[in-house]
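K.L.:
Chains A and B are the protein sequences, given in the same order. Just add 1324 to wherever you are in the first sequence, counting from 1, and you've got my numbering. Just add 1324 to wherever you are in the second sequence, counting from 1, and you've got my numbering.
Among the hints, a few may not be true.
Simulated pairs of lysine to aspartate or glutamate, EDC-like, Cα-Cα distance not exceeding 20 Å [as the list claims (entries may be wrong)]: (1) B/K1333 to B/D1409; (2) B/K1484 to A/E1493; (3) A/K1471 to B/D1409; (4) B/K1516 to A/E1530; (5) B/K1356 to A/D1439; (6) B/K1345 to B/E1360; (7) A/K1484 to B/D1409; (8) B/K1356 to A/E1530; (9) B/K1484 to B/E1360; (10) B/K1471 to A/E1573; (11) A/K1356 to B/E1530; (12) A/K1471 to B/E1368; (13) B/K1356 to A/E1556.
Derived from the structure by calculation, the hints contain no laboratory data.
2 protein chains.
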Amino acid sequence: MELTNALCKIIQSLETMKGRKQTSLFMAEGTKCVLELLPAFELEYLIATRQWLDDNKNVSVNQDKVIEAGRGEIKKISQLTTPRDVVAVFKIPTDSVLPDNLKSELVIALDRVQDPGNFGTIIRICDWFGVHNIIASFDTVDCFNPKVVQATMGAIGRVKVHYVDNLSETIRSLSASMPIYGTFLDGENIYKAQLSGNGVIVMGNEGAGISDEVGRVITSRLLIPPYPVDSETVESLNVSMATAITVAEFRRRQF
Amino acid sequence: MELTNALCKIIQSLETMKGRKQTSLFMAEGTKCVLELLPAFELEYLIATRQWLDDNKNVSVNQDKVIEAGRGEIKKISQLTTPRDVVAVFKIPTDSVLPDNLKSELVIALDRVQDPGNFGTIIRICDWFGVHNIIASFDTVDCFNPKVVQATMGAIGRVKVHYVDNLSETIRSLSASMPIYGTFLDGENIYKAQLSGNGVIVMGNEGAGISDEVGRVITSRLLIPPYPVDSETVESLNVSMATAITVAEFRRRQF
Chain A
1325 MELTNALCKI
1335 IQSLETMKGR
1345 KQTSLFMAEG
1355 TKCVLELLPA
1365 FELEYLIATR
1375 QWLDDNKNVS
1385 VNQDKVIEAG
1395 RGEIKKISQL
1405 TTPRDVVAVF
1415 KIPTDSVLPD
1425 NLKSELVIAL
1435 DRVQDPGNFG
1445 TIIRICDWFG
1455 VHNIIASFDT
1465 VDCFNPKVVQ
1475 ATMGAIGRVK
1485 VHYVDNLSET
1495 IRSLSASMPI
1505 YGTFLDGENI
1515 YKAQLSGNGV
1525 IVMGNEGAGI
1535 SDEVGRVITS
1545 RLLIPPYPVD
1555 SETVESLNVS
1565 MATAITVAEF
1575 RRRQF
Chain B
1325 MELTNALCKI
1335 IQSLETMKGR
1345 KQTSLFMAEG
1355 TKCVLELLPA
1365 FELEYLIATR
1375 QWLDDNKNVS
1385 VNQDKVIEAG
1395 RGEIKKISQL
1405 TTPRDVVAVF
1415 KIPTDSVLPD
1425 NLKSELVIAL
1435 DRVQDPGNFG
1445 TIIRICDWFG
1455 VHNIIASFDT
1465 VDCFNPKVVQ
1475 ATMGAIGRVK
1485 VHYVDNLSET
1495 IRSLSASMPI
1505 YGTFLDGENI
1515 YKAQLSGNGV
1525 IVMGNEGAGI
1535 SDEVGRVITS
1545 RLLIPPYPVD
1555 SETVESLNVS
1565 MATAITVAEF
1575 RRRQF
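Whenever a hint applies, use it, and build me the whole structure from the sequences.
P.N.:
Quick look at the structure:
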């Protein structure tokens, strides 16, 4: 196979949601990200320099999917400022049905998180802290956006993202079997609150926070207190920071 | 005053370290960031649309510093993909001497943190958790880099960054009066470790972590445990995530 102009166009189209929907493909770049995703997703193309292919001979890859290309060619399909020596194109998995055995797990729910870097970071945090499922409102940024994929550093291969049409309804149905947490500026100090080992933790949009509709199904409102605790909170924490601190605190209780 | 071509060039030069050194100026964009920095730094220019100036009449600004400009003109000097209606240019403060009364405080030290977004986020975390001083190795990214300033969302006005020529020496001299902490993959579980209310917390470079030289002056090696704690840690946490979780844990002990 070669990197034809037609194939270049397909890969370039993966930057947009439209392109990914039309092709059911997504892309990842760089050795670390590609190697971590190879065992997790079905490979469609692996485009790499001769040097990279020589250096990674021990990696198990269907040779029919491999395309050798020069750095100049890779530059044409790369989404990065500094293109790497390898780009992989994978099939977007279709099995995104919400597992029905979630009730003993810790699950993150995202209400319209918009920034790809934030979403990627949240997926990385979930990976670190053993959170295997994320429920995302339909209007959360696409987890196969190349910027999200890169920001996960490969963690997208180990954490499942389930998009749902109606986040508040989905959470409401889960609330029968597990507590629903969210962080709010008027919540209860998370360090003093009762936290369970299972539950849904809802994180909101970067500007608007958690929507009123989703807020109504939250059973436990938490606050990450500033220090000192009575300081005037002119600021709020970024959503990925808040996720890191919240999930860490849930897990700390389980040690 | 008007936004002359010469002034445009000066402001455009503030994207680079060289430009900031030559002029001793830095820039900030957008209402939130500009309004938070106005009380903290000496204003040199405030460039804004008529509309913005009308909407912010109550803001106390030396009118000699104000330049009205159209959106097209602001676009020329903006570093943002989506320019805002206001750009402020401030003097870089010269008083960056390390305070000598640090020993009762919690201080963050950064060993060659390179990514502006990470540094900005770390400054924002410090602001939230009442950490007022950051010590940075000379080769840490410049805190007046516009990408850092924007990522702080204004917190750079409340947290002081002190660059030092020799980070390990600076930390060594502090170690006489306070403990020195750092996070390592082979450290002690932070949730079980003794943490004091004062101390220096060292965070390392994105790829290389804490340098050997700086590592040698650390008195307490900490680990943020993954979950479950014995899981294979193929990943590491991003430096700003690790800072968030670490500082949160120090402050939690003080509540």
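K.L.:
Now tell me if each hint is right for this structure.
P.N.:
Okay, the hints, checked on the actual structure:
no. : hint               : verdict
1   : B/K1333 to B/D1409 : 19 Å, holds
2   : B/K1484 to A/E1493 : 46 Å, violated
3   : A/K1471 to B/D1409 : 27 Å, violated
4   : B/K1516 to A/E1530 : 33 Å, violated
5   : B/K1356 to A/D1439 : 18 Å, holds
6   : B/K1345 to B/E1360 : 23 Å, violated
7   : A/K1484 to B/D1409 : 40 Å, violated
8   : B/K1356 to A/E1530 : 14 Å, holds
9   : B/K1484 to B/E1360 : 15 Å, holds
10  : B/K1471 to A/E1573 : 30 Å, violated
11  : A/K1356 to B/E1530 : 14 Å, holds
12  : A/K1471 to B/E1368 : 36 Å, violated
13  : B/K1356 to A/E1556 : 16 Å, holds
Violation of the numbered hints given earlier is confined to hints 2, 3, 4, 6, 7, 10, 12; the remaining hints are satisfied by the structure.
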